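K.L.:
Here is how the chains run, residue by residue.
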Amino acid sequence: DSGVTQTPKHLITATGQRVTLRCSPRSGDLSVYWYQQSLDQGLQFLIQYYNGEERAKGNILERFSAQQFPDLHSELNLSSLELGDSALYFCASSVGRRETQYFGPGTRLLVL
Amino acid sequence: GENVEQHPSTLSVQEGDSAVIKCTYSDSASNYFPWYKQELGKGPQLIIDIRSNVGEKKDQRIAVTLNKTAKHFSLHITETQPEDSAVYFCAAITYFGNEKLTFGTGTRLTIIP
Numbered sequence: 001d002s003g004v005t006q007t008p009k010h011l012i013t014a015t016g017q018r019v020t021l022r023c024s025p026r027s028g029d030l031s032v033y034w035y036q037q038s039l040d041q042g043l044q045f046l047i048q049y050y051n052g053e054e055r056a057k058g059n060i061l062e063r064f065s066a067q068q069f070p071d072l073h074s075e076l077n078l079s080s081l082e083l084g085d086s087a088l089y090f091c092a093s094s095v096g097r098r099e100t101q102y103f104g105p106g107t108r109l110l111v112l
Numbered sequence: 001g002e003n004v005e006q007h008p009s010t011l012s013v014q015e016g017d018s019a020v021i022k023c024t025y026s027d028s029a030s031n032y033f034p035w036y037k038q039e040l041g042k043g044p045q046l047i048i049d050i051r052s053n054v055g056e057k058k059d060q061r062i063a064v065t066l067n068k069t070a071k072h073f074s075l076h077i078t079e080t081q082p083e084d085s086a087v088y089f090c091a092a093i094t095y096f097g098n099e100k101l102t103f104g105t106g107t108r109l110t111i112i113p
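Line by line, the protein sequences give chains A and B. If you're matching positions, the first sequence starts at 1 in this note's numbering and goes up one per residue. If you're matching positions, the second sequence starts at 1 in this note's numbering and goes up one per residue.
Isolated chain A, as found in the complex:
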């Protein structure tokens, strides 16, 4: 158990809908990262927050957004969902901006 928690574990929704994925980092970690894992794309970095501020951006679609709250938990919002958004979404956290990342168990999203 890495200490990173993610909810929900599974999510089934329809195309065009909007969902919110939640992540709580390890105690004491200030950085949160979001990744998407699909069969054909592997693990892709989406976005990083450090102490509430966006720090780095990867291949995140405009339909996706995230934020980190004062209590350091983070949410990833996915809107106008498409079939191709079906994937595993992982959150990771680290102590600082450049430390080892520890991954949560993931949220499996299925868009029908």
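Where chain A lies over chain B, by a calculated footprint (3+ residues, C-beta under 8 angstroms):
(1) 42 to 49
(2) 101 to 107
In silico PhoX-like pairs for lysine-lysine, Cα to Cα no more than 20 angstroms straight-line:
(3) K100(B) to K57(A)
(4) K42(B) to K9(A)
(5) K57(B) to K68(B)
(6) K100(B) to K71(B)
(7) K100(B) to K68(B)
(8) K22(B) to K68(B)
To be clear, the hints were calculated from the coordinates, so they are not data collected in a lab. None of the values given here were measured: they were computed from a predicted structure. Glycine is no exception: its CB is placed at the ideal position from the N, C-alpha and C atoms.
Since the structure of chain A is provided, determine the placement of chain B on it from the hints.
P.N.:
Chain B in isolation, oriented as in the chain A frame:
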């Protein structure tokens, strides 16, 4: 940006034998190289990492070697056990650069009892 290539994509070894997974990276400024193990239905778990100022690091049955000149790093697992069966990912990041962790495409390791 950084590109990480990982080989092989699948690997089967007899229990007790050694397994080696190799990765190459493109950005010579990359300075941190973690390895993650992902079991079915779980998130990636860090198993070992190495920084660019070190050539080799060992932790019990697991070792990682880094060749900065060749931009190449490898994971070595000795005395393999059935519980080593999983998907392994290498990754690279350039701290003080773009700071995005770039993953290899993964190696599915199967240990044959």
